[in-house]
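Undergrad: Here's the letter readout for the chains.
2 protein chains.
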Amino acid sequence: MPNELTRVSLKITQPRIDAYAQITGDPNPIHLDAAFAAGTEMQGIIAHGTLSLNLLWRALARTFGPDACEGAEMDVRFIRPVRVDDVVTASGHRDDAEPDRYLVQVTNQSGEAVITGWARPGN
Amino acid sequence: MPNELTRVSLKITQPRIDAYAQITGDPNPIHLDAAFAAGTEMQGIIAHGTLSLNLLWRALARTFGPDACEGAEMDVRFIRPVRVDDVVTASGHRDDAEPDRYLVQVTNQSGEAVITGWARPGN
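Here the protein sequences come in this chain order: A and B. Take 1 as the starting number for the first sequence in our numbering and just add one per residue. Take 1001 as the starting number for the second sequence in our numbering and just add one per residue.
Mixed in with the good hints there might be a few duds.
What the hints assert, rightly or not - Facing chain B, from chain A, some residues (calculated, C-beta under 8 Å): (1) 7; (2) 14; (3) 16; (4) 44; (5) 49; (6) 74; (7) 76.
Said to hold, decoys possible - Stretches of chain B that chain A covers, calculated by requiring three or more beta carbons in the stretch to come under 8 Å of a beta carbon on chain A: (8) 1037 to 1049; (9) 1059 to 1072.
If you're looking for bench data, these hints aren't it; they were derived computationally from the structure. Built from N, CA and C at the ideal position, the CB exists for glycine as well.
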């Protein structure tokens, strides 16, 4: 197993969020309606957490091949919202204490973690 | 906290998978190319695991409101592939042993679990 996961990045634009909402059947206005979202505790539109989490899925698949996702395990915490036009990047390095898994994070363009946790490839 | 999460279902069609691949920037042919996918260990197209996982995200948001996803934690395992035209449903019930979290699963139309684990709402 390599020491580092292949890094994967994505720019989170409003059209991407809109399309994601449509595909996943999620009409929550916190993702779609700027005026509504501005009045919430989030103070503006946030992206779906699983849109950013998908980057970890892809990082596993790029590092180990698509079969690695079968039986994969992820323990992740969504610690900071992702905003429109953020560029998020998934990365991970082997956990010295448990070498069959990776300590993973998704960070924004300011280097702030938006998701942290660990992932273990399947198969 | 309610004993059960609000259930959320989605039919996983090929157009949905295609659109998801485009939005997330994931060109992996295991999700897109039936001929290629048939020749792999998966023996056919599989959906992105995070597309199904999104249902758990929505189940938390529907049960507790969108703010519940901020700081939420998920520990999930992808145990079975999701195929084209599967209908997947996320559900969860409170963990008696740890009542601040839910034992969660995503099942297919045959009642087989495709994702299992636990989730703890944030905020």
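Undergrad: Could you work out which earlier hints the structure fails to respect and list their numbers in ascending sequence?
TA: Result: hints 1, 2, 4 break, sorted rising.
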